[in-house]
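Trainee: Sequence:
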Amino acid sequence: MKLLTKIGQSKKLSLGLITLFAIWAMADVVREYYSGEEFSHLGFELAVAILALIWSIHLWQENLKKSKKLTAMQSHIETLTQEAQDWKDQNLKLIEGLSQSIHHQMLQWGLTPAEQEVALLLLKGLSFKEIAEIRSTSEKTTRQQALIIYQKSKLPGRAELSAFFLEELLSPSKA
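In the UniProt record's numbering, the protein residues as written are 1 to 175.
A hint or two may mislead.
Claimed, not checked - Pair ranges (Cβ atoms, derived): (1) Q108 / K66: 55 to 63 Å; (2) L64 / S40: 54 to 62 Å; (3) K68 / L42: 48 to 56 Å; (4) L170 / K12: 47 to 55 Å; (5) S14 / S127: 43 to 51 Å.
Because the hints were derived from the structure by calculation, they are not lab data. Glycine included, each C-beta is placed from N, C-alpha and C at the ideal position.
Model the full assembly from the supplied sequences, consistent with the hints where possible.
Mentor: Take a look at the structure:
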């Protein structure tokens, strides 16, 4: 966002300079006209001043459109962020209950704290490489821990590990 602000400030500065040039050029044309300058010289300066003024107006309009669009996008982002936070707040007890249930199941399987951490990261969808980087271990160690998790849980792999916990969430509720 800081980069966008810097770019926006740079464009505003350029726009201001073009506008100042257009105003200065128009003032110069008027001054030279009243001092009796030759028309061919005035015509060229007038054309340059008019083009600069037209370009300046165009840039101001574009800047205004982009500013409105950016404001709308920022508002939309704020709305989505608030909706996500509201969802989290509304479902906090469910999330905490699920987290406790997952932890309880991992204890039943006899997973060590390190294996539990790897299992949670696997459930979050991280790759072995990403898990190894987060835990400051080798990828080989992470793979070995994953194999131990699958053996202790009697599940064949990552997909089944995820499915084990998601199955209850996705099955129809029993009334």
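Trainee: Confirm or reject each hint.
Mentor: A quick look at each hint next to the structure:
Distance hint check: the CB atoms of Q108 and K66 are about 57 Å apart, consistent with the given range 55 to 63 Å. Taking the beta carbon of each, L64 and S40 are about 37 Å apart, not inside 54 to 62 Å as hinted. Range check, K68 to L42: about 39 Å between beta-carbon atoms, so the 48 to 56 Å window is missed. For L170 paired with K12, a C-beta distance near 52 Å keeps the hint of 47 to 55 Å intact.
Separated by about 44 Å at the C-beta atoms, S14 and S127 satisfy the suggested range of 43 to 51 Å.
In this structure, the hints that do not hold are numbers 2 and 3, in rising order.
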